[in-house]
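A.B. asks: Below are the chains, spelled out letter by letter.
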Amino acid sequence: MPPFFSSINRIFVLLAVWSALAFSICMLLSVTTSVLLRDCLLLFGPLYFLCLLFVLPNYYICRGLPLGQTAWATMLASHMLTLLAIAAMWVLAGRAYAGFLDSISQQLLFNPLFDESLTINLAIVVIQFEAIVLIHYLYFAMEKTRDIEQAALQQKLLISQAELQALKATVHPHFLFNSLNTLSNIALSSGEKAHRFCLLIAEFLRYSVAYSDKSTATLSDELEHIQNYLGIERERFGERLQTSFEIDDGLLDTVVPPLNLFPVVENAVKHGIDSCLEGGMLSIVVRRGEETLIIEVSNPVDELGRKLKGTGHGLSSVEHRLKNLYGGQARLNIRRETGQFTVQIYIPIEKEANPEDQAE
Amino acid sequence: MQLALEKFAELEVIEVCENGLQAVKAVNELKPQLLFLDIQMPKLDGFDVLELLGDQAPFVIFVTAYDEYAVQAFKANAVDYLMKPLDPERLEQTVQKIIQRIATEHPAPTSEWISKSVRENELLQRILVRDGSDVHVLAVNSVCYIESADDYVAIQTEDATHIKLDRLNKLEEKLNPPQFCRIHRSYILNINYLSRIEAETKDSKLAILTNGKVLPISRSGYGLLKKLL
Numbered sequence: 001m002p003p004f005f006s007s008i009n010r011i012f013v014l015l016a017v018w019s020a021l022a023f024s025i026c027m028l029l030s031v032t033t034s035v036l037l038r039d040c041l042l043l044f045g046p047l048y049f050l051c052l053l054f055v056l057p058n059y060y061i062c063r064g065l066p067l068g069q070t071a072w073a074t075m076l077a078s079h080m081l082t083l084l085a086i087a088a089m090w091v092l093a094g095r096a097y098a099g100f101l102d103s104i105s106q107q108l109l110f111n112p113l114f115d116e117s118l119t120i121n122l123a124i125v126v127i128q129f130e131a132i133v134l135i136h137y138l139y140f141a142m143e144k145t146r147d148i149e150q151a152a153l154q155q156k157l158l159i160s161q162a163e164l165q166a167l168k169a170t171v172h173p174h175f176l177f178n179s180l181n182t183l184s185n186i187a188l189s190s191g192e193k194a195h196r197f198c199l200l201i202a203e204f205l206r207y208s209v210a211y212s213d214k215s216t217a218t219l220s221d222e223l224e225h226i227q228n229y230l231g232i233e234r235e236r237f238g239e240r241l242q243t244s245f246e247i248d249d250g251l252l253d254t255v256v257p258p259l260n261l262f263p264v265v266e267n268a269v270k271h272g273i274d275s276c277l278e279g280g281m282l283s284i285v286v287r288r289g290e291e292t293l294i295i296e297v298s299n300p301v302d303e304l305g306r307k308l309k310g311t312g313h314g315l316s317s318v319e320h321r322l323k324n325l326y327g328g329q330a331r332l333n334i335r336r337e338t339g340q341f342t343v344q345i346y347i348p349i350e351k352e353a354n355p356e357d358q359a360e
Numbered sequence: 001m002q003l004a005l006e007k008f009a010e011l012e013v014i015e016v017c018e019n020g021l022q023a024v025k026a027v028n029e030l031k032p033q034l035l036f037l038d039i040q041m042p043k044l045d046g047f048d049v050l051e052l053l054g055d056q057a058p059f060v061i062f063v064t065a066y067d068e069y070a071v072q073a074f075k076a077n078a079v080d081y082l083m084k085p086l087d088p089e090r091l092e093q094t095v096q097k098i099i100q101r102i103a104t105e106h107p108a109p110t111s112e113w114i115s116k117s118v119r120e121n122e123l124l125q126r127i128l129v130r131d132g133s134d135v136h137v138l139a140v141n142s143v144c145y146i147e148s149a150d151d152y153v154a155i156q157t158e159d160a161t162h163i164k165l166d167r168l169n170k171l172e173e174k175l176n177p178p179q180f181c182r183i184h185r186s187y188i189l190n191i192n193y194l195s196r197i198e199a200e201t202k203d204s205k206l207a208i209l210t211n212g213k214v215l216p217i218s219r220s221g222y223g224l225l226k227k228l229l
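Chains as they are written, first to last, in our numbering: chain A, 1 to 360; chain B, 1 to 229.
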């Protein structure tokens with residue numbers, strides 16, 4: 001749909017501007033040719049609107065020949081041809097109309113007037129044509145920018161949704177209920193132990209809340225968060241939850257997205273360690289690859305254990321988030337072997353932590 | 001839990017179990033009157049324990065920290081349950097109620113409502129079999145075929161036969177159709193173990209399994225099998 005016809009308001013604006021234009025040109029012509037303004041308006045008023053009708057359909061030509069994708073020669077030639085055709089049609093129509101007016105008024109006024117001002121009028125037709133072409137191309141450019149902005153907005157929305165999901169996963173009610181139950185058990189036996197347990201939970205929740213709207217954390221922040229989580233679960237699992245950490249030297253200050261590791265570790269505990277009667281070893285290994293950080297979380301899993309109803313969002317939301325943040329540069333691998341489940345996360349290493357984020 | 005229960009003069013805690021396997025064993029050996037049963041446990045959850053105990057199941061009070069599906073099922077079936085952390089008042093009420101019931105009633109069979117309201121629409125991934133106090137968990141993929149024998153079914157795996165109190169019709173409903181086929185009134189076959197089909201006479205066919213075992217195929221069974229293959 002041509003932009004001028006997409007709303008009633010636009011049609012009115014166009015007609016108003018065009019009327020003003022036609023009126024001022026007629027005034028000019030009446031001064032230069034010393035013909036009455038009334039006669040000028042009578043002849044040229046309708047003709048200028050006819051010109052508008054001829055010129056507007058070039059919207060379709062402009063759309064067919066988008067800027068930047070069409071060779072200049074092709075574009076120039078097409079528009080010139082159209083312009084020639086329009087000018088010719090306009091002159092023919094103008095002559096006929098002027099003749100018609102002369103025959104009605106029984107005088108020889110309009111035809112000479114038309115001929116006399118032909119040069120200037122042709123110039124005006126050309127200017128009108130070009131103005132409209134220009135407006136159409138501007139409109140297309142604006143539309144393109146708007147599309148790009150919309151896509152960017154959509155992308156942003158997706159990212160924040162993924163982040164919200166990550167946060168939701170962080171404070172899953174299941175985990176809270178289990179922790180509360182553990183706490184109530186501890187409280188019966190030892191007040192001091194219960195106090196320490198509360199501190200762990202507070203620390204854990206504080207990090208989850210504080211980092212849910214930040215874009216970066218350091219690896220050591222993330223690992224401390226994981227340690228807090230495992231500290232809470234250790235109270236519930238006792239001997240069944242064994243853990244090992246193996247971190248390559250010099251990686252602790254590496255910048256990573258916050259709250260990305262937790263869903264993976266929680267998954268390992270919930271569907272791995274907890275599926276095994278005797279529990280097992282949850283191991284976290286962080287290595288430096290070539291310009292990538294490789295985090296590997298592995299755990300035993302009992303293939304015949306009862307499958308817990310999971311939301312199924314945990315790992316896929318982590319993967320989604322990595323993709324949003326790093327595009328193809330980050331990835332998440334899942335490896336299933338008999339009795340063992342391993343998740344590997346590859347994140348590109350950024351050199352320095354962003355000082356702004358640290359100052360916050 | 002144990003501490004809370006010891007406060008009741010009417011109750012004597014005779015055993016505390018770490019997981020479902022131990023629970024099945026302990027109930028089988030000690031024959032308690034009342035069982036406080038957690039839902040979330042590794043390997044065997046609370047419902048699995050009841051399924052395995054079958055008729056031997058005593059009165060049960062379910063205990064759960066967070067399981068909305070289970071709680072819905074409890075409510076729908078008026079089953080006794082407690083939420084963790086335990087509320088002493090709630091515990092008191094529930095225990096008094098159950099003590100009265102123990103005096104006057106027999107434990108109601110639970111397996112029916114478990115399979116109807118808890119395990120609804122769930123295809124079997126594994127089959128639980130009890131042999132006295134021992135529990136076997138069989139992956140359905142490792143089951144070659146299942147044969148019916150009166151009230152029992154004989155489940156044949158690659159290396160053993162397990163007997164279970166169950167009906168073939170009920171198992172058939174819960175086994176994944178493309179993999180398991182009712183080839184005969186008395187047999188369900190895992191078609192991954194089917195080697196070939198031989199014609200015995202014009203009307204009767206035989207299934208030859210990969211381990212050489214021969215099973216009969218009924219006419220309707222042959223129809224089903226042909227559709228699957």
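Do not take every clue at face value.
As the list claims (entries may be wrong) - Derived lysine to any residue pairs resembling SDA-like cross-links, with alpha carbons at most 25 angstroms apart: (1) 270(A) to 89(B); (2) 307(A) to 66(B); (3) 75(B) to 278(A); (4) 307(A) to 76(B); (5) 193(A) to 66(B); (6) 307(A) to 94(B); (7) 307(A) to 172(B); (8) 164(B) to 303(A); (9) 84(B) to 224(A); (10) 307(A) to 114(B); (11) 270(A) to 172(B).
If you're looking for bench data, these hints aren't it; they were derived computationally from the structure. Quick caveat, the model's predicted, so the values are computed rather than measured.
A.B. asks: Take a quick look at whether residue 84(B) and residue 224(A) sit within 25 angstroms of each other, Cα to Cα.
C.D. replies: Violated, at about 29 angstroms.
A.B. asks: What's the verdict on residue 307(A) and residue 94(B), does the C-alpha distance respect the 25 angstroms limit or exceed it?
C.D. replies: Roughly 30 angstroms separates the two Cα atoms, so the pair is violated.
A.B. asks: Residue 270(A) and residue 172(B): Cα distance at most 25 angstroms?
C.D. replies: Outside the cut-off at roughly 31 angstroms; violated.
A.B. asks: For the pair we were handed, residue 307(A) and residue 66(B), check the Cα-Cα distance against 25 angstroms.
C.D. replies: Given pair residue 307(A), residue 66(B) holds - Cα atoms ~16 angstroms apart, limit 25 angstroms.
A.B. asks: Would the pair residue 307(A) and residue 114(B) pass a check requiring their Cα atoms to be no farther apart than 25 angstroms?
C.D. replies: holds (17 angstroms)
A.B. asks: Is the hinted pair residue 307(A) and residue 172(B) satisfied, with a Cα-Cα distance of at most 25 angstroms?
C.D. replies: holds (21 angstroms)
A.B. asks: Keeping to a limit of 25 angstroms between CA atoms, is the pair of residue 307(A) and residue 76(B) held or broken?
C.D. replies: holds (24 angstroms)
A.B. asks: Check whether the Cα positions of residue 164(B) and residue 303(A) lie no farther apart than 25 angstroms.
C.D. replies: Holds - the C-alpha atoms of residue 303(A) and residue 164(B) are around 22 angstroms apart, at most 25 angstroms.
A.B. asks: Is the Cα-Cα distance between residue 75(B) and residue 278(A) 25 angstroms or less?
C.D. replies: violated (32 angstroms)
A.B. asks: Mind checking the alpha carbons of residue 270(A) and residue 89(B) for me, to see if they're no more than 25 angstroms apart?
C.D. replies: Roughly 31 angstroms between the alpha carbons, so the hint for residue 270(A) and residue 89(B) is violated.
A.B. asks: Are residue 193(A) and residue 66(B) close enough, with their CA atoms no more than 25 angstroms apart?
C.D. replies: holds (24 angstroms)
When the structure is compared with the earlier hints, violations turn up for hints 1, 3, 6, 9 and 11 and for no others.
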